[in-house]
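Keeping their order, the protein sequence lines are chains C and E. For what it's worth, numbering that gives the first Met the number 0 labels the leading residue of the first sequence as 0, then goes sequentially. For what it's worth, numbering that gives the first Met the number 0 labels the leading residue of the second sequence as 0, then goes sequentially.
Calculated directly from the structure, the hints in this document are not laboratory data. Check each hint, because a few of them may be wrong.
[To be verified] Simulated crosslink set (DSS-like; lysine-lysine; CA at most 30 Å straight-line):
hint, chain 1, residue 1, chain 2, residue 2
1, E, K370, C, K641
2, E, K552, C, K657
3, C, K53, C, K29
4, E, K53, E, K133
5, C, K371, E, K582
6, C, K552, C, K507
7, E, K641, E, K657
8, E, K552, C, K641
9, E, K343, C, K657
10, E, K370, C, K552
11, C, K36, C, K53
12, E, K49, C, K657
13, E, K582, C, K651
14, E, K370, C, K370
15, E, K651, C, K549
16, C, K53, C, K370
17, C, K343, C, K133
18, E, K549, C, K370
19, C, K205, E, K651
20, E, K657, C, K205
This structure is a prediction, so every number in the text was calculated from the model and none was measured.
Okay, here's what each chain looks like letter by letter:
There are 2 protein chains.
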Amino acid sequence: MAVPLIILVALFAGIVSIILALYFRSLVMKEDPGNEKMQEVAGYIESGAKTYIKLQYKVLGIFVLVLMCLLLFIPSPLEKSKTYERLISGALNWEQAVAYIIGAVGSMMAGYLGMYVGVKANTRAAQGCTISTKKGFDVAFFGGAVMGLAVVGVALIGVSVLYMLVPDPNIVLGFSFGASSVALFMKCGGGIFTKTADVGADLVGKAEYDLPEDDPRNPATIADNVGDNVGDIAGMGSDLFDSYVASIIAAMMLGAALVLIGDVAVSDEARYTFIVFPIVLCGVGLIASLLGIYIIKWKGSEDPGTALNTGTYAATVIFALIALVFTALMTIGLTASETAVLWKLYACSVIGLLSGIVLGFTSDYFTRDDKKPTRNIAEAAQEGHAVVILSGFSYGLLSVVPPTIGIIVAMAITYLLAGVFGVAIAAVGLLAIVGTIVSNDAYGPIVDNARSIAEQGGLGDDVIRTADRLDSAGNTAKAITKGFAIGAANLTVFALLFSFVTEANDIKEGTIEVIDLLSINILIGAFIGVVIPALFSALLIMAVQRNASKMVKEIRRQFEENPKILTGEEPADFNKCIDIATKGSLRELIIPSIISIAVPLSIGIIFGVASLGAFLAGAILSGFVFAVMMSNAGGAWDNAKKYIEDGHLGGKGTETHKAAITGDTVGDPFKDTAGPSINTLLVVMSLTASIFLGFLMMFNGGMGLLVF
Amino acid sequence: MAVPLIILVALFAGIVSIILALYFRSLVMKEDPGNEKMQEVAGYIESGAKTYIKLQYKVLGIFVLVLMCLLLFIPSPLEKSKTYERLISGALNWEQAVAYIIGAVGSMMAGYLGMYVGVKANTRAAQGCTISTKKGFDVAFFGGAVMGLAVVGVALIGVSVLYMLVPDPNIVLGFSFGASSVALFMKCGGGIFTKTADVGADLVGKAEYDLPEDDPRNPATIADNVGDNVGDIAGMGSDLFDSYVASIIAAMMLGAALVLIGDVAVSDEARYTFIVFPIVLCGVGLIASLLGIYIIKWKGSEDPGTALNTGTYAATVIFALIALVFTALMTIGLTASETAVLWKLYACSVIGLLSGIVLGFTSDYFTRDDKKPTRNIAEAAQEGHAVVILSGFSYGLLSVVPPTIGIIVAMAITYLLAGVFGVAIAAVGLLAIVGTIVSNDAYGPIVDNARSIAEQGGLGDDVIRTADRLDSAGNTAKAITKGFAIGAANLTVFALLFSFVTEANDIKEGTIEVIDLLSINILIGAFIGVVIPALFSALLIMAVQRNASKMVKEIRRQFEENPKILTGEEPADFNKCIDIATKGSLRELIIPSIISIAVPLSIGIIFGVASLGAFLAGAILSGFVFAVMMSNAGGAWDNAKKYIEDGHLGGKGTETHKAAITGDTVGDPFKDTAGPSINTLLVVMSLTASIFLGFLMMFNGGMGLLVF
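Let's have the full structure, built from the sequences with the hints guiding it.
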């Protein structure tokens, strides 16, 4: 059975995307990198980022190789005898293992390219701001677009080529797991790195020595800038790469399992159409993203914030239109009932995308400084440190409600339209325009860095103000992206859960007929699942706190041992700070990484695969609550502080401002470390469950060792 | 079929308990209430507490009457035709409605008696401290024991008499729902009241005017003292009353549903034995509690903290021994297999109690100032406000893990021993010695108030130090009680969930065969359930914050308009502050109360009763995470602050101390409002589901209006 040729649209879009990424890179590189001081600062950032990436990729390489070896020895999904017999036959699961390596290397390459351009674009964007807002915007936006296009391009090429070579979604699952392993390291590690530097720099620099943000005398300033690149560009990129691929694979696996539509058997041709449909949607989404990027560039000269949002809306509409055409094309040769299903799936993809937009804008509402929540938090700062914390925390909790309703409505409608496959397609639809989303998101840290370089390079107040304007547009885009990313991860892991169950039943009929909360092993699985995001958040926040404390000591040591740093006569030792953040973030990664793989496996072994399903469901639901709460509380605190710094409620230097800084500092690891890492954790755990399913079936046929 | 006479042991224990409570009350009243100033302060507290209770009970009365009317019109569980037909027949469900009123009034009476003695005991305990530690301890402890004994006595008498009159557990369910309605008001309302006053007093008094704790010049001091009584005595008492009765009723309903043991049919006699077993266990537990109280009194002269803990241990051992005897008695006349089941149930009750002790001591570990978590939080305060918050929050999250393991182990073992009935009996066992637990807990606010009265009554440093020693023992007891209460509520609501399912199937066979997370309506129910505790926490924390902010304004107004208050020449206007706390707490109760009843009903109506079961399961699991996290984080912050105030890390007045105060203030609504209210919320929602089950069955036979 030949794979439908329409999959080529995805491959084509992926290749165009990579070509455009390389073209944008050359556009950025051609720009003027600014004066000597700016280039020096940019050089520090670049070398810091490279040091981090080198060490990170080294450890990650070992991790990936170890996991690959593990994969080799688990039962291969390509064989009919998927469990014990296969294992003792001595045959190796090399197909999934190779796909795994390709996924990991692909994600690493995309991340590297994006970050490499990011650290080149920052100083050029700063220099661009000396000419015009438009110039600065263009450079930063093209720099960010490189990341967005690289991520989507590599992912789509990988998925479509692998599936054309071996038309079994399980191989793509290996690819997805590879991308996830990288995301775990890049997102959590980057999150710890960036906040170690940020919190450390703020605690000593701002609070003790009253240095302004980004002051070159602060030894942690460069580490902070590096953190923006490794955490916010490479981390967010690998996170969305991860969700993107995972959503495709979940939908493909559910499509592959389609046997009946109503009472009519699905023909092989139709089934292939359904399997390929998610890849085609992503290809269409990438085309929409490219057009969205073009629109942003064209609108960018007016208002940067509006331009970014218009691009997102435009990509949505364009996606809906082109997907309509492709869906129509794909119905050729299908029966009437199959055609009806395909149209329902099309509707699911659009609903998914709309729900993503709604989620993004809810999180925008809860974190914008012209809306009630952030205003109230800023006002609470007038009553001191404790009240601003209580206010932000409770708004964070409250902000969970609207996206919950959004997700539930989307899930209910898409389920009614096309069952669990419909939910999976909604996740694909949500992630289809991820190219635009990542581009907008990566724009943020570039302009953030540009502002810092403008400050350190002495470009003057006018240029800094221009950079500030670009930065503020970046923050809005970032808030939307985060809501979007959480929604995407949520729907994706639901889809993965369903595909996990489908796969278990495919290996042995009736393995998971129900995941019944009235069974004690299921209840226990769900219980552990609900607790896991709390544990994970605790570990990550503690990691930041521990590392930031080391950073604080180092900054104090430098100021005390060499008073000339504070007077600006001698430069601070930036490398030492980068070193602390790098090594610390890697060390702190060990336990969360082990947990995210060992806990699902242990539950599967002890309580059985159905309990593992309940564990995943519990983790998804509670993870959603924690992720949304922490991201939005953190964002709102950040913007409440900025609102006060803009001169409201007394402005800078007041007690109110100090309280707002406390809120922002608490929010830092919430919104940039723990919150977004939960997405990755959920995807990694879900994929671990699916990948090791054949292995887990060896324990009492998937019932687990402890039978109740 | 006659109810087994052994139930009389419970009635007997209940009556003894009430007699002892009244006797202890007279003991307390006979003590010297101290000097005029002390009596004046105590008078203010008493009148404040009475004002609050009067208004609270008035609103509560209306709420209870409205709910009673609703109950009248739902299908009665005593009829065979439990659903629609019954409703249109026009017959009223007066049995449950009457039981409901009795439960509500009983809980209100117990709460009133406990609080009435509490506000009398405080000044007497303070005066006792001028004689000896022992004297002070005795008065406070007897005062607390009145609450403990009244709660358990009223509950046991109510349950046993009702069941003897109408031997149908559904009637006791009405009683339980009545107790729950009261708990919802007393716990949430009291929690908001006490923290409004506490946070308000701290924010202005301590932070702005540098007044010491309990300074009589602070207008909110009396409100703070009143809050201890209404929140910590009456609130905690009604909370445990609620869990206590709910655990009994859940076990009774599951016992009533026992049809088979293995393959052997259960005889009617045996079934009655099983139904009555939880009541008997509670009777035994009450006897053990009385002996425990005796031991505490006897040991009290040495070290108050050790005495309280020894009492808890002793009650545990005594319970295990007496229950052994009664279990042996109850096996008379049973078959061999029935006897084996009864012994297994005995084991379950002991395991439940042991797990409660373990939970209590875990929460003690995470909040004690001589253990690592609290020490680390205190050290984090050296790095500022933000770091102390991050540290406490992450330890709070981490502290969820050990009790999760404890509960899971207890659930797994008891389930293996005797199925869901075993889990329910574990909850009963856990709550059996609640008399000792509530006594120890109510001791806390009495000595806290005594310390305040000693300060305001000018009894001198020595007496204050004695009172401080008693107070510190109270704090340890309180930490243990909280862990205990959370564990109790958790197991209880699990048991209620199982009894809810049993009842649904009893009304119509096959209504809830499974609660399958793979069905979309179930997943949606679970999703909403997981989110609800977050919403509830947000509302309660915001309530405290809003009210505290009003309190702050009032305190500032008083200081500004009358400078003589600050010099101590004129007394502050305490009543105004009490009024703000009272009215605010009632107003803020409205939305949470509606949510706790309307949300479960809406889910049942829209998505069906199985989805409602999933909703409850989701709420239980995520509620557990939130309750443990908030209680322990709050306790740890509190003790970290006290540790610093004891002279460590620089002591009072330093920046470190200020940061620790921020932690404590954030922790206040965490540990005393939101955290413990979640227990009550869970019980109310679970009981709502059970009570309105017949009504919910009217919507598509329990499938809900929206069928997927």
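Hint check results:
Only pairs whose Cα atoms come within 30 Å are accepted, and E:K370 paired with C:K641 is rejected, the gap being roughly 38 Å. Restraint check for E:K552 and C:K657: satisfied, since their Cα atoms lie roughly 21 Å apart, inside the 30 Å limit. A hinted pair counts as satisfied when its Cα atoms are at most 30 Å apart, and C:K53 with C:K29 qualifies at roughly 26 Å. Between E:K53 and E:K133 the alpha-carbon distance is near 34 Å, which puts this suggested pair outside the 30 Å criterion.
Pair hint C:K371 plus E:K582 holds up; C-alpha atoms about 25 Å apart against a cutoff of 30 Å. Between the alpha carbons of C:K552 and C:K507 the distance comes to roughly 57 Å, so the proposed pair goes past 30 Å and is violated. Proximity of E:K641 to E:K657 is assessed by CA-CA distance (about 12 Å); at most 30 Å being required, the pair is judged to hold. This hinted pair checks out: E:K552 and C:K641 have alpha carbons roughly 26 Å apart, not beyond 30 Å.
Distance check on the hinted pair: E:K343 and C:K657 sit about 60 Å apart at the alpha-carbon level, beyond 30 Å; violated. The suggested pairing of E:K370 with C:K552 holds, with an alpha-carbon distance near 25 Å, which does not exceed 30 Å. For the proposed pair C:K36 and C:K53, the alpha carbon gap of about 25 Å is at most 30 Å, so the pair holds. In summary, the hint linking E:K49 to C:K657 is not supported, as the alpha carbons are separated by about 41 Å, beyond the 30 Å threshold.
Taking the CA atoms of E:K582 and C:K651, the gap is about 37 Å. The hint is violated against a cut of 30 Å. A distance of roughly 43 Å separates the Cα atoms of E:K370 and C:K370; the hinted pair therefore is violated under the 30 Å criterion. A hinted pair counts as satisfied when its Cα atoms are at most 30 Å apart, and E:K651 with C:K549 qualifies at roughly 26 Å. With a C-alpha separation of about 42 Å, the suggested pair C:K53 and C:K370 falls outside the 30 Å cut-off, and the hint is violated.
Distance check on the hinted pair: C:K343 and C:K133 sit about 42 Å apart at the alpha-carbon level, beyond 30 Å; violated. Restraint check for E:K549 and C:K370: satisfied, since their Cα atoms lie roughly 23 Å apart, inside the 30 Å limit. For the suggested pair C:K205 and E:K651, the alpha carbons sit about 25 Å apart, so the restraint of at most 30 Å is met. A threshold of 30 Å between alpha carbons decides the hint, and for E:K657 with C:K205 the separation of about 18 Å falls inside it, so the pair holds.
The structure fails hints 1, 4, 6, 9, 12, 13, 14, 16, 17 (numbered hints given earlier, in ascending order).
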